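Peer 1: Here the protein sequences come in this chain order: A and B.
In this text, residue positions in the first sequence follow this note's numbering: the first is 1, and each later residue adds one.
In this text, residue positions in the second sequence follow this note's numbering: the first is 1001, and each later residue adds one.
By construction, these hints were calculated from the structure, which means they are not laboratory data.
Take every hint as true, because none was put in to throw you off.
Below, simulated DSS-like cross-link-like pairs (lysine-lysine); rule was C-alpha separation at most 25 Å, straight line:
{"no.": "1", "chain 1": "B", "residue 1": "K1099", "chain 2": "A", "residue 2": "K282"}
{"no.": "2", "chain 1": "B", "residue 1": "K1229", "chain 2": "B", "residue 2": "K1204"}
{"no.": "3", "chain 1": "B", "residue 1": "K1170", "chain 2": "B", "residue 2": "K1147"}
{"no.": "4", "chain 1": "B", "residue 1": "K1318", "chain 2": "B", "residue 2": "K1107"}
{"no.": "5", "chain 1": "B", "residue 1": "K1363", "chain 2": "B", "residue 2": "K1348"}
{"no.": "6", "chain 1": "B", "residue 1": "K1233", "chain 2": "A", "residue 2": "K167"}
{"no.": "7", "chain 1": "B", "residue 1": "K1045", "chain 2": "B", "residue 2": "K1350"}
{"no.": "8", "chain 1": "B", "residue 1": "K1365", "chain 2": "B", "residue 2": "K1204"}
{"no.": "9", "chain 1": "B", "residue 1": "K1416", "chain 2": "A", "residue 2": "K282"}
{"no.": "10", "chain 1": "B", "residue 1": "K1147", "chain 2": "B", "residue 2": "K1172"}
{"no.": "11", "chain 1": "B", "residue 1": "K1214", "chain 2": "B", "residue 2": "K1365"}
{"no.": "12", "chain 1": "B", "residue 1": "K1309", "chain 2": "B", "residue 2": "K1058"}
{"no.": "13", "chain 1": "B", "residue 1": "K1235", "chain 2": "A", "residue 2": "K158"}
{"no.": "14", "chain 1": "A", "residue 1": "K111", "chain 2": "A", "residue 2": "K219"}
{"no.": "15", "chain 1": "B", "residue 1": "K1363", "chain 2": "B", "residue 2": "K1204"}
{"no.": "16", "chain 1": "B", "residue 1": "K1406", "chain 2": "B", "residue 2": "K1235"}
{"no.": "17", "chain 1": "B", "residue 1": "K1172", "chain 2": "A", "residue 2": "K167"}
{"no.": "18", "chain 1": "B", "residue 1": "K1173", "chain 2": "A", "residue 2": "K158"}
{"no.": "19", "chain 1": "B", "residue 1": "K1229", "chain 2": "B", "residue 2": "K1172"}
{"no.": "20", "chain 1": "B", "residue 1": "K1406", "chain 2": "A", "residue 2": "K167"}
{"no.": "21", "chain 1": "A", "residue 1": "K282", "chain 2": "B", "residue 2": "K1093"}
{"no.": "22", "chain 1": "B", "residue 1": "K1147", "chain 2": "B", "residue 2": "K1348"}
{"no.": "23", "chain 1": "A", "residue 1": "K158", "chain 2": "B", "residue 2": "K1172"}
{"no.": "24", "chain 1": "B", "residue 1": "K1416", "chain 2": "B", "residue 2": "K1214"}
{"no.": "25", "chain 1": "A", "residue 1": "K167", "chain 2": "B", "residue 2": "K1229"}
{"no.": "26", "chain 1": "B", "residue 1": "K1107", "chain 2": "B", "residue 2": "K1317"}
{"no.": "27", "chain 1": "B", "residue 1": "K1235", "chain 2": "A", "residue 2": "K167"}
{"no.": "28", "chain 1": "B", "residue 1": "K1405", "chain 2": "A", "residue 2": "K167"}
{"no.": "29", "chain 1": "B", "residue 1": "K1405", "chain 2": "B", "residue 2": "K1214"}
{"no.": "30", "chain 1": "B", "residue 1": "K1204", "chain 2": "B", "residue 2": "K1233"}
{"no.": "31", "chain 1": "B", "residue 1": "K1311", "chain 2": "B", "residue 2": "K1060"}
Given the structure is predicted, the values throughout are model-derived calculations rather than measurements.
What follows is each chain in one-letter form.
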Amino acid sequence: MSTADYSQSDKGQDKRARRWHILVFLLPAVIVYTAIMILPLAETLRLSLFNVVDGQSVFVGFGNFQTLFGEPRWSDSFWNALRNNFVFFVIHMLVQNPIGVALAALLSVPKLRFGAFYRTALFLPTLLSFVIVGFIWKLILSPIWGVSPYLMDLVGLKSMFSPWLGKPSSALITVSLISVWQNIGIPTMLIYASMLSIPEEVLEAAECDGITGWSQFWKIKLPLILPSIGIISILTFVGNFNAFDLIYTVQGALAGPDGSTDILGTLLYRTFFGFQLQIGDKSMGATIATVMFLIILTGVCIYLFAIQRRMRRYQF
Amino acid sequence: MGSTTLKTLLMATSVLASAGFAHAADTTLTIESWRTDDLAIWQEKLIPAFEAKNPGIKVKFAPTPPTEYDAALGARFDAGSAGDIVTCRPFDKSLEQFKRGNIASLKSLPGIENFSPVAKAAWSTDDGSDTFCVPMASVIHGFIYNKDAFDKLGITVPTTEAEFFAALDKIKKDGTYIPLAMGTKDLWEAATMGYQNIGPNYWKGEEGRLALIKGTQKLTDADWVAPYKTLAKWKDYLGDGFEAQTYPDSQNLFTLGRAAIYPAGSWEISLFNTQAQFKMGAFLPPVQKAGDTCYISDHADLGAAMNAKSKNPEAAKKFLSWVASPEFADIYANALPGFFSLSSTPVKMKDPLAQEFVSWREKCKPTIRSTYQILSRGKPNLENETWVESANVINGTDTPDVAAKKLQDGLDSWYKPAK
Chain A
1 MSTADYSQSD
11 KGQDKRARRW
21 HILVFLLPAV
31 IVYTAIMILP
41 LAETLRLSLF
51 NVVDGQSVFV
61 GFGNFQTLFG
71 EPRWSDSFWN
81 ALRNNFVFFV
91 IHMLVQNPIG
101 VALAALLSVP
111 KLRFGAFYRT
121 ALFLPTLLSF
131 VIVGFIWKLI
141 LSPIWGVSPY
151 LMDLVGLKSM
161 FSPWLGKPSS
171 ALITVSLISV
181 WQNIGIPTML
191 IYASMLSIPE
201 EVLEAAECDG
211 ITGWSQFWKI
221 KLPLILPSIG
231 IISILTFVGN
241 FNAFDLIYTV
251 QGALAGPDGS
261 TDILGTLLYR
271 TFFGFQLQIG
281 DKSMGATIAT
291 VMFLIILTGV
301 CIYLFAIQRR
311 MRRYQF
Chain B
1001 MGSTTLKTLL
1011 MATSVLASAG
1021 FAHAADTTLT
1031 IESWRTDDLA
1041 IWQEKLIPAF
1051 EAKNPGIKVK
1061 FAPTPPTEYD
1071 AALGARFDAG
1081 SAGDIVTCRP
1091 FDKSLEQFKR
1101 GNIASLKSLP
1111 GIENFSPVAK
1121 AAWSTDDGSD
1131 TFCVPMASVI
1141 HGFIYNKDAF
1151 DKLGITVPTT
1161 EAEFFAALDK
1171 IKKDGTYIPL
1181 AMGTKDLWEA
1191 ATMGYQNIGP
1201 NYWKGEEGRL
1211 ALIKGTQKLT
1221 DADWVAPYKT
1231 LAKWKDYLGD
1241 GFEAQTYPDS
1251 QNLFTLGRAA
1261 IYPAGSWEIS
1271 LFNTQAQFKM
1281 GAFLPPVQKA
1291 GDTCYISDHA
1301 DLGAAMNAKS
1311 KNPEAAKKFL
1321 SWVASPEFAD
1331 IYANALPGFF
1341 SLSSTPVKMK
1351 DPLAQEFVSW
1361 REKCKPTIRS
1371 TYQILSRGKP
1381 NLENETWVES
1391 ANVINGTDTP
1401 DVAAKKLQDG
1411 LDSWYKPAK
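Just chain A, same shape as in the assembly (with noise of 0.2 Å):
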């Protein structure tokens, strides 16, 4: 067989060849995400339109979320679940990113010495399991074996010390800081990375336009690493909507005290698995979890219409 012969009819077949290898090689990818993604989505989401009546499987269409919405127990627990959700999201956006900004142009400042270490120890916690995160700081805020009692004695402050972790009103606070501890490195790497990829020529140019320090971050490098904050915020956003393990290693699956740290992933947790003598509720949990879906859903959708699309991008 010739070469010239292989080569005129592969330019033969050229018109109407069907590109099997694109198909070939998207199927491994395409099983493995419909199988462990797409189905158990679609599949929760077919169970929320189901319960269980005598023991039968039988379709009740939205009755499960009427049930949710409108019993005041079901719908008590999932407004208070939320409403911390929102809470603990809101702590995450007006503590962790902006602290990841200022970490990440602190990091990027040319002259800093040992900014290696920095880097890594910033990044370091978020590398650690959340259950040794949370072991680690009830050990830290414990009232009686605690370093922080003692750490605020030596200074004098040891009127100020409470058991945070047990008081309702200070449980979900502490909590959500104890994540912002957790991740903060995430966004400072961010950031860190994109500022980095800032052209020195444009700093020059500012510089020699005399904008330099303050004015240069606020007018030159804030609006350059603007899309990677958007980025970081809808990354928080669902990262805080599925937020579930930190809670429960530090406060348990009651997420106690009084519930005052109980967000959507344990009371979807309870419910969908149970706890103690409370025996799990498959489709009411699978409920919890399309709502969840939902609020996450509504919300990247606003990010990805609303505010991706306005924002300007520089090319250089």
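Based on the hints, put chain B in the right spot on chain A.
Peer 2: The following block gives chain B in isolation, referenced to the frame of chain A:
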């Protein structure tokens, strides 16, 4: 070449394995359990004792970790591969297996008559007509105290509520010890070691519990609110920052000798015996007035049932009858001080602390935790709500009356007592 070797090996093992099955002359019983901690006791003490008396029956103890047990067992029942003997959780979880026909009725099992109706309540149908598990062990509530501390401060063991609070005042005034080692962070300590511990004295044990199920009493009745009023008074005697004190914190505070009294469950005994460096004693939940009948929470925790589809029903029944015998009770209770046999024949305990706990059965009336049978089937779950409200009462978030009202409202929303 490597693969042929592997194949040969696999062939050989499968042939050998099937040969092993074919030649097994003995009947083998497999026990399903979540008590992984008990593996050594079963292998070294219980199984040899049974096998010695019943030649031809071999027993295998095959535990699954507690968090996976219920799901794994359910799957094995569905697949028909569950063991012959199944360890029972109390109340609804086992009742559900019975209703599904997975575990057999043991109403006519020889030996089941050794147990009182209270002992069997955890594994009987709602009307009490049928029983499906042999009760194995229960836990008793009470207070464990630091004897050295009591001697030093010249406190005698309190028997009435007034004496109890006088003792707490004395300990507090002295200042060396935290009077009560309990926290509200984990919620269940407040409910289980607090409310369910002292409560039976107020609601008169079984009388109140059954009346609550019948609907003739309510959680807002004086007898049910009173334990909350007492609990609210505990607040002043707990350690600093008790709101964030966890269950292990409380255990450590007591075993390190920093607290004088520990509201306890008997399951703590083995741990405390190994950790505490001082003499310990135990006392009953104090009664309201001297001379009142005392009630204790003697809560069924562990039972054994027979897989309805077991291939060796005769051997399994023989084994369960042995579990119901005083011999089993004696070995089990002494190997695990703090987990008491529910048998009506009293067991002599070698551990003095455990003996103290179990001796209360002779003078007090036993009951089980009020929220466990029937009342925790709906949403909101009464047991979980009781955790939250007990902690709220001690923290001062809710007054006893408000807490009781919340609980009763929650119960009313789904529970309709049979008329």
